[in-house]
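Visitor: Construct the complete structure from the given sequences, taking the supplied hints into account.
In case you want the letters, here they are:
2 protein chains.
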Amino acid sequence: MSAAPAASDRLLADFAARKPAALARVISIVENRGAGSARLLAALHGATGHARRIGITGPPGAGKSTLVAQLVRAYRSRGLTAGVVAVDPTSAFTGGALLGDRIRMEAVALDPGVYIRSLATRGALGGLSAATREIADVLDAYGFDRVLVETVGVGQSELEVARTADSCVVVLVPESGDAIQTLKAGLMEIADVLVVNKADRPGADRLRAELKVMLQVRSGPRRGQTASSRGAGTDLSGEPADPPEGGGAEGAHGSSWVPPVLTAVAADGTGIPELLGALDSHHDYLVATGGLAEQRQARLRARVAEVVDLELRARLWGDAATTAWLEGRLAAMDSGETTPFDVARELLKRSGRLLAGEGDDAPR
Amino acid sequence: MSAAPAASDRLLADFAARKPAALARVISIVENRGAGSARLLAALHGATGHARRIGITGPPGAGKSTLVAQLVRAYRSRGLTAGVVAVDPTSAFTGGALLGDRIRMEAVALDPGVYIRSLATRGALGGLSAATREIADVLDAYGFDRVLVETVGVGQSELEVARTADSCVVVLVPESGDAIQTLKAGLMEIADVLVVNKADRPGADRLRAELKVMLQVRSGPRRGQTASSRGAGTDLSGEPADPPEGGGAEGAHGSSWVPPVLTAVAADGTGIPELLGALDSHHDYLVATGGLAEQRQARLRARVAEVVDLELRARLWGDAATTAWLEGRLAAMDSGETTPFDVARELLKRSGRLLAGEGDDAPR
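Respectively, the protein sequence lines represent chains A and B.
Take the first sequence: its letter number 293 is residue 292 in numbering that gives the first Met the number 0, and every next letter is one higher.
Take the second sequence: its letter number 190 is residue 189 in numbering that gives the first Met the number 0, and every next letter is one higher.
Among these hints, one or two may not hold up.
Any copy, or any two copies together, can satisfy a pair, since identical chains are not distinguished.
Stated by the list, open to error - Straight-line distance between alpha carbons at most 20 Å, and here's what the computed DMTMM-like set of lysine to aspartate or glutamate pairs gives:
no. : residue 1 : residue 2
1   : K18       : D110
2   : K211      : D199
3   : K348      : D318
4   : K348      : E310
These are calculated hints, taken from the structure and not from any lab test.
Guide: Right, here's the structure in full:
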């Protein structure tokens, strides 16, 4: 499959021997979706399943990076290793990660039990959540005890990323708005643990109280639904024909999880032990209810669908004749002579063999 | 195709006669991806292309809804009609749109030259941007002079929605953070016009000055690239084999657009005439440089890819035998006996006929 299977085998051997350079190389290949990326991920798949995956999300300026750095320090002091993927929306005109966050991270970056990777989003809008999960898989396979996924922003793609973790921490600050805005941004639904950061500032107590009231409004059964559908069919949800989401496990969530609302001052470490405690409790809850196994199955299901999607797109749009044909139909669509629906139908019809994987060896 | 083509023909006739009830019905069908949705959209395709599409985005609490309501009023006073799609992230436990925004909208909602539709995101993570663009197409086909697309939030999916408009307005407030945070959230890259709203509050002047400095840092050529790739391959970008994005039109963007930074107090209408002026200027710029035609072609290209994607997913995951087969492979993936990559390969192999569209009539 790959152009250089021998080099790839050496890389995998180095990775298995836990050489940091091999880890960095594998992540780069996976991030750039380079040749052999799929082969590497397939080879590492068997080694995944050990790490606890923790998503950290919240609005810009909530202090997520600082909190992540403190979490990493706390895990290290307990003798646990930690890998971090930070999704970093990079502007076209800065061309790289912003300095502030990285400096905060550097304090922990020299420790071999820690690995931090910033994932620039660049133009990769569709591919962001897939790439993030793949890198989390790599960190898991490498043997990190905890894999932290930090996403900046409050949008659907970002929430989706946080959602695929086992436990999701939502970080808020009084400045980021009231509880209603948190609700509107979709953050309440995905939170397993809420943290009011910069809790020494005015408004923190009020925000915490508001959040607690809102969580009381949320009914028990609904929470169970959220947990059981978590992470399933990531890229397919909302489409007319999704893969089944493994329903019927409602019963297992009989005793539903009520997200605790913690306070913290990440900058000086206040509240970090309580956050670790809450994450451990949530993990215990997931194990006890079968939610953890469910989440892993949902991830696998979504992963298959994702690979299938990518392969079909590659078959179709990797074919020069198909893209050229589509370009030739643009004018007719533009004038209203035909429609995108008719063109899509035609395209599917003429690409039957391509889609069936017979493109390379079958005569046209 | 549709179960009831006669009813659908009547609906289309009523729509063409500009009956508001028909508009509402068509949008509902499209929003819910009901039977006949594709047929309706195909039938309306020829009537699109008149409306100017304006995206309005920014962080929660920036006053986007109020600004949209003022824009609508201003367009109406110029004798222009306006349709609005507001993407409304609905929490699982509120079950509907939040009251505040809707009340602000009601002031303009009784005018027949205005149509406002809130689009709940519900679980439809993948389908949000597609549905929003489809509804914008419907409003365009109905004959509205301006179609405004308001997205709450600052994430990638939401930005993607705003991006597919002809002109994109980014609304900020001093409270939503400094210019660096705006940059990190990816808002600077998509802005054709920046508005500092609630400009009577402390910090507004400073934010405006910061934004202007940042825009000066942004180089001319890069802006041209952004404009030419705008809206192309929405759901495919970042994937290894995208449809071509119609490159080579760089020259047309020789004189690049520098987004103006305006101030406004949307609540009392301050700054709205200037915003309308800036939007007109941007439209003139797009017409002069050929950018408008490019954007429409990019939308059509993305539309075809989207319809193809949906159809392939429906063929695959709509097949009970395929999903049952996948469920049967979960345990083997979980144990590491096989990988999602191998399972995807197997799945594609056994589904060749299905993907080629031969699933229904061909014997297995």
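Visitor: Is it within, between, both, or neither for K211 and D199, if the alpha carbons may be no more than 20 Å apart?
Guide: This pair counts as within: shortest intra-copy Cα distance 18 Å, inter-copy 33 Å.
Visitor: State whether the alpha carbon distance between K348 and E310 is at most 20 Å within one copy, between copies, both, or neither.
Guide: both (18 Å within a copy, 12 Å between copies)
Visitor: How do K348 and D318 come out at 20 Å by Cα distance, when the copy is not named: within, between, both, or neither?
Guide: Intra 15 Å, inter 19 Å, cutoff 20 Å: intra and inter.
Visitor: When no copy is specified for K18 and D110, does a C-alpha distance of 20 Å or less occur within a copy, between copies, both, or neither?
Guide: Within one copy, since 14 Å is at most 20 Å while 68 Å is not.
Going down the numbered hints, you'll see the structure goes against none, and every one checks out.
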